[in-house]
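> Read off the chains here:
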Amino acid sequence: MSSFLRVAWVVVKKDLTVEVRSLEILSTTMFFAVTVVLMFSFGLVVDGRPLNDVAAAILWVAIAFSGTLALGRTFERERQHDTLRALLLAPADRPALYVGKLVGILLLLGLVELVLVPLVGLLFNAPVIAQAIPLAGLVILGTLGFASVGTLFAAMLVRARSRDVLLPIMLYPMTVPVMIAGVRGTAALFQPTPDPAVAQFWLALLAAFDVVFVTLALWTFEPVMTE
Amino acid sequence: MTRSMLVMLALAAGMFAVAPWMIDAAPYEATMGLVYKIYFFHMPSAWMFLTAAIVAGVASFRLLFLKRPRADHWVTAAAELAVLFGAFTLVSGPLWARKAWGVWWVWDARLTSSLMLFMIFVAYTLLKKYGGPGSDKLGAGLALFGMANVPFIYVSVNYWRTFHPPTSVVPTLPVEMGIPLWYCVTAFTLLFIILLRMRARLEYQRERVEALYLAEDEA
Amino acid sequence: MRCRMLLLMSLLIGSASAVRADQPQPPADFVPVENAPPGEQIPAMPLLGAAYGFIWVGVFGYVWSLSKRLQKVEAEIAELESRKR
Numbered sequence: 000m001s002s003f004l005r006v007a008w009v010v011v012k013k014d015l016t017v018e019v020r021s022l023e024i025l026s027t028t029m030f031f032a033v034t035v036v037l038m039f040s041f042g043l044v045v046d047g048r049p050l051n052d053v054a055a056a057i058l059w060v061a062i063a064f065s066g067t068l069a070l071g072r073t074f075e076r077e078r079q080h081d082t083l084r085a086l087l088l089a090p091a092d093r094p095a096l097y098v099g100k101l102v103g104i105l106l107l108l109g110l111v112e113l114v115l116v117p118l119v120g121l122l123f124n125a126p127v128i129a130q131a132i133p134l135a136g137l138v139i140l141g142t143l144g145f146a147s148v149g150t151l152f153a154a155m156l157v158r159a160r161s162r163d164v165l166l167p168i169m170l171y172p173m174t175v176p177v178m179i180a181g182v183r184g185t186a187a188l189f190q191p192t193p194d195p196a197v198a199q200f201w202l203a204l205l206a207a208f209d210v211v212f213v214t215l216a217l218w219t220f221e222p223v224m225t226e
Numbered sequence: 000m001t002r003s004m005l006v007m008l009a010l011a012a013g014m015f016a017v018a019p020w021m022i023d024a025a026p027y028e029a030t031m032g033l034v035y036k037i038y039f040f041h042m043p044s045a046w047m048f049l050t051a052a053i054v055a056g057v058a059s060f061r062l063l064f065l066k067r068p069r070a071d072h073w074v075t076a077a078a079e080l081a082v083l084f085g086a087f088t089l090v091s092g093p094l095w096a097r098k099a100w101g102v103w104w105v106w107d108a109r110l111t112s113s114l115m116l117f118m119i120f121v122a123y124t125l126l127k128k129y130g131g132p133g134s135d136k137l138g139a140g141l142a143l144f145g146m147a148n149v150p151f152i153y154v155s156v157n158y159w160r161t162f163h164p165p166t167s168v169v170p171t172l173p174v175e176m177g178i179p180l181w182y183c184v185t186a187f188t189l190l191f192i193i194l195l196r197m198r199a200r201l202e203y204q205r206e207r208v209e210a211l212y213l214a215e216d217e218a
Numbered sequence: 000m001r002c003r004m005l006l007l008m009s010l011l012i013g014s015a016s017a018v019r020a021d022q023p024q025p026p027a028d029f030v031p032v033e034n035a036p037p038g039e040q041i042p043a044m045p046l047l048g049a050a051y052g053f054i055w056v057g058v059f060g061y062v063w064s065l066s067k068r069l070q071k072v073e074a075e076i077a078e079l080e081s082r083k084r
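Residue numbers (numbering that gives the first Met the number 0), protein chains in the order written: chain A, 0 to 226; chain B, 0 to 218; chain C, 0 to 84.
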């Protein structure tokens, strides 16, 4: 077990080290996410004021889009230097590699969300601070759900053709429950009278989704990545 | 095509040809009148859609975890049929709904789950077509994840109200409606089995062609 | 092969009955209109015709397409085999 965690940690450290040098993926993804939020805000303005109900939806759509981008870019980097094959050749537990990549993506998306959530709160007068804890729960579990499926698919697609467009094609239908749960839960928290019970239901669903899909991804990573 | 396949195909086609008479014989339904007769094709289509999805999921499991490379032929065949019968279901349903409920579409649990499952199989087909080598395993992973996802989609959408008629309609159908329904289910099932076999055979034959070309190159 | 199909069919029927088990109630405030005036009714025949038409075209179109693909591949196999000799 400890070697499993050690391998995962080594992968995380590697990704962090490479990223910290240039901050390329983090800064571009963050800017992209902000742009998405702004674009939607412009599109959904009525009488010069934003529709406050759409805050939840915009937040999650921005997370989905920027998440897809971050996944694509991270694995593109692996592909360019053929490091993924090197990783697979290493005598390491394959699922540990998956966990390592997953943690890296989570850290990246987490940082992006730290900017995104306050931005949405600002633009739509959403009670981001008042509902910070349940909101954080939703965002963390939702991002985990999204990233767990996304990391697997992005890794699978590294050697495929048309991988840029195939990733969202495969990923979005699969993460529909995450989006539904995330948006509905967040909307329940952003209502004029917040409904914590509803948010809790969606939190529970997200947790169940995460457990099932992380497990499934751990099982599937090995057979799918072998030639 | 082998003889037995041709016979089954002829039988299925024959049943289909006779179907309109059987359906015409069924009585008008109390509140929905004539339009409910779409049901006789809509429901078997939906069942075959679901069967195709399950076959694809099982074959994907065999491909990935039981290491049977030939299972890929069955995943491909089942996925294509899932797209076909899924299209039938998702087109006939709204046409019926337009009259029965007044709207083309509602975001209830069953409709949304069906639509998402359909999208997953369309994604599979695109992946197989444009993904290049190795996409058989990727596709199998996708199909498996799709299977696992259906309960989650269902539960998450169930939060909203549903307009879909309860399926308990089936056991309580009067005999005059039950007969055409089960006739159509039989016709569709027969059709599904024969199409699945034919489509899988196409994949097997393509594999043979590749092997023959390889043998030629080596010679 | 056949008993596999049988197994799968029973799986399907099993899952269909499981799905039947929990049925949410239609919303209380949805009141179906009975006997709407003829001007407001949507004519059924075009919808019925479109639904059946789509499925018929789909079935026969797919069977046709599949047959063509099979024929092409089998012709290719026949050619390759004759070339082998």
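In case anyone wonders, no lab produced these hints; they're calculated from the structure. Every residue, glycine too, gets a C-beta built ideally from N, C-alpha and C. Hints may be right or wrong, so weigh each one.
[To be verified] With a Cα cut of at most 27 Å, we get these calculated DSSO-like pairs of lysine-lysine: (1) C:Lys-83 with B:Lys-136; (2) B:Lys-136 with B:Lys-66; (3) B:Lys-128 with C:Lys-67; (4) C:Lys-71 with C:Lys-83; (5) B:Lys-136 with B:Lys-98; (6) B:Lys-66 with B:Lys-128; (7) C:Lys-83 with B:Lys-127; (8) B:Lys-127 with C:Lys-71; (9) C:Lys-83 with C:Lys-67.
[What the hints assert, rightly or not] Covered stretches of chain B (in silico footprint by chain A; criterion: 3 or more residues with CB under 8 Å from a CB of chain A, positions within the stretch not fixed): (10) 116 to 123; (11) 189 to 203.
> Which hint numbers does the structure go against, in order from smallest to largest?
As far as the earlier hints go, 1, 5, 7 and 11 are violated by this structure, in ascending order.
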